[in-house]
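K.L.:
Residue numbers (our numbering), protein chains in the order written: chain A, 1 to 70; chain B, 1 to 447.
It should be emphasised that the hints constitute simulated quantities derived from the structure, not laboratory data. Even glycine gets a Cβ: it sits at the ideal position worked out from N, Cα and C.
Label pairs and their calculated CB-CB ranges: (1) A:46 x B:151: 34 to 42 Å; (2) B:428 x A:63: 37 to 45 Å; (3) B:263 x A:16: 44 to 52 Å; (4) B:219 x A:64: 50 to 58 Å; (5) A:25 x B:403: 44 to 52 Å; (6) B:124 x A:68: 52 to 60 Å.
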Amino acid sequence: MKEITSSMAGTVLNIMVGSGDEITAGQDVLMIESMKMEIPIESQIDGKVSAVKVNIGDFVNEGDVLFVLE
Amino acid sequence: MKKILIANRGEVALRIMKTCHQMGIETVAVYSDADSDMPFVKEATFAFNIGEPAVNKSYLRSEVILEIAKSEGVDGIHPGYGFLSESAEFAKAVIEAGITFIGPDPETIDLMGDKIVSRKTMKDAGVPVVPGSEEGTSTLEEAIRLAESMGYPVMLKASGGGGGIGMVRCENEQALAKSFSSTKARAKAYFGSEEVFVEKYINHARHVEIQVFGDNFGNIVHLFERDCSIQRRHQKVIEESPSPFLSDSAKQKMYATAIRAAEAVNYKNAGTIEFIVDAQENFYFLEMNTRLQVEHPVTEQITGLDLVKWQILVSRGAKLPLSQSDIQQQGHAIEFRLYAEDPKSFLPSPGKMEEFRWKESEGVRVDAGYASNSTVSPFYDPMIAKCIIYGNTRKESIEKAEQFFSNLIIKGIKTNAPLFKEILKDRDFISGNYSTSFLTNKTLIIE
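Excised from the complex, chain A in its bound form:
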């Protein structure tokens, strides 16, 4: 099982992919707001999203799991 984790502490502003979506490495999958800045989180890997672990508005810490890939 592969995961995408947050590279930064902040609030989830936007989730760009959903369960079942095929994603590729380098694709922006989620937007974090930290210190009033918008930081895109990109996937490091190719795969298919099997679960989205966060909701818009959630606070995440660095290292928290955002997506699980098949």
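We have chain A; now place chain B onto it with these hints.
P.N.:
This is chain B only, laid out in the frame that chain A set:
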């Protein structure tokens, strides 16, 4: 006024308290769970916790803040900048509670808060505005049509936006189409309205703003310009006054235009008219900030005035302390915004700042929100401090700034201090030859 509540945090809260205490006014601080150990909480005469770290659970809770203001019997509320400072609704609620709102009238805040309405107001008053759409739009087809009518590149902006958030430069139709839905979503998330508009992008532009001040008797003065062209992500990093680029005749024209703009909205208290200036010194109205500006110390250093004191005096019903001819500009001031961020990628670097020290010397003013052992949390703006360096000439302030940054010690988090060291050595910066794309176009070697 005997007691003022400050609906803000960090350095600006401390800045306001300083003047209040000098004037013999007691202060009430409000703070979130994340800020309980911050210097501004300790400095206040009274301090109250208002909730969880996230801004919508603390610093944006206007009802809670207002309840504290009432039970504490404060005479005035100072909103600082950001947070509730440009909320007409909040200003109105404060006034309805019988408390003085230290700022302009709610109607003025409302009028200037909407980019499209403020553009129209200024245009009607004879103030030049950036060529752009007269109406907001929420469809891509409309945006493309508008962009084509003015020619690419264009800026796509949130109508209710500000602070550099919700705006993106688009080189062509493809880029506009790509950014459209995300800009709309951002506009909705940050400003509550998905309306956007399109503006002509001005190449090699400088961002120059004029500080204005009005009282309740219709007097309006300007306090000269601030050149804020050094930016990253459309957010200011360095501001200085006087502008090293503008001719005297252009400055005079801008002062007069700024006053005309302020008069058009019967402006009261401290405000800033932002202009974009092209290489030929043509200038266009960008927006008006209806509050105390982050970079107000630059103006304080060159005029010797205390703008927070003026704000309090004017809101108490006093006339402006000085007339235009009595306001003098002397020397040169440069402000550096010290951010908790990676100096190359500009990505945030929250965390505990184990040490934060600098050398005090003549001409050096540091407005800090944090101290050694403070934690810079990811919930708020990354600004740790503003370092304002004053000299008799621009050359002297640059030299003093180099001294300042070579003696500055920050441990535990990354900051943009190394970037400032490089900028101060840059030939274009030294000669005053820079535009808003300075940081995007330069490759500065940062150690």
